[in-house]
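One point on numbering: in UniProt numbering, the residue at position 4 of the sequence shown is 4, and numbering is uninterrupted.
In short, the hints are calculated from the structure, not lab data. There's no promise every hint is true.
[Said to hold, decoys possible] Quick list of the computed label-pair ranges, beta carbon to beta carbon:
| no. | residue 1 | residue 2 | range |
| --- | --- | --- | --- |
| 1 | Ser39 | Val9 | 26 to 36 Å |
| 2 | Leu5 | Ile26 | 51 to 61 Å |
| 3 | Ala42 | Val11 | 23 to 33 Å |
| 4 | Thr20 | Gln55 | 50 to 60 Å |
| 5 | Val9 | Ala48 | 52 to 62 Å |
| 6 | Ser33 | Ala7 | 53 to 63 Å |
| 7 | Val28 | Ala48 | 23 to 33 Å |
| 8 | Asp47 | Arg24 | 27 to 37 Å |
| 9 | Ala7 | Gln43 | 47 to 57 Å |
| 10 | Ile17 | Leu37 | 25 to 35 Å |
| 11 | Gln55 | Ala16 | 38 to 48 Å |
Keep in mind that this is a model prediction, so the values were computed, not measured. Where a beta carbon is used, it is the ideal one built from N, C-alpha and C, also for glycine.
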Amino acid sequence: MTWILIALVLVLLFSAISITAALRRIAVVTEQSARHLESLDAQQRADAQHQTDAQGTPNGPNRP
1 MTWILIALVL VLLFSAISIT AALRRIAVVT EQSARHLESL DAQQRADAQH
51 QTDAQGTPNG PNRP
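Could you put together the complete structure from these sequences and hints?
Following this line, the structure appears as C-alpha cells:
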C-alpha cells in the first residue's frame, strides 16, 4: 500500500511539472505571436501610408 501511495505522489509530481512546462511554452509562443502580429500590423500600416503618398492628389502625385 505504501508503494502505491509513493507511486501516486510521484505521478502527480511529474504531471504538475509537465503541465507547468507546457503552460510556460504556451506563454512564450503567445508573446512571440503577439510581437509578430504587431510587426505585421506596423508593416501593413506603412505600406498603406506609402500607397497613399504615392497616389497623391487627384491632379497627380504630390510634388514639393
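Verification of the hints:
In this structure the hint that Ser39 and Val9 lie 26 to 36 Å apart at CB is violated, the actual value being about 46 Å. The hinted range of 51 to 61 Å is not satisfied by Leu5 and Ile26, whose Cβ atoms lie roughly 32 Å apart. The supplied range of 23 to 33 Å is broken by Ala42 and Val11, whose beta-carbon atoms lie about 47 Å from each other. Taking 50 to 60 Å as the suggested C-beta distance range, the pair Thr20 and Gln55 conforms, at roughly 53 Å.
Checked against the given bound of 52 to 62 Å, the beta carbons of Val9 and Ala48, roughly 58 Å apart, stay inside it. Hint check: Ser33 to Ala7, Cβ distance near 39 Å, so the stated range 53 to 63 Å is violated. About 31 Å separates the C-beta atoms of Val28 and Ala48, a value consistent with the hinted range of 23 to 33 Å. Range check, Asp47 to Arg24: about 35 Å between beta-carbon atoms, so the 27 to 37 Å window is met.
Taking 47 to 57 Å as the suggested C-beta distance range, the pair Ala7 and Gln43 conforms, at roughly 54 Å. Taken as a hint, the range 25 to 35 Å holds for the pair Ile17 and Leu37, whose Cβ atoms sit roughly 31 Å apart. In this structure the supplied range 38 to 48 Å is violated for Gln55 paired with Ala16, their Cβ-Cβ distance being about 59 Å.
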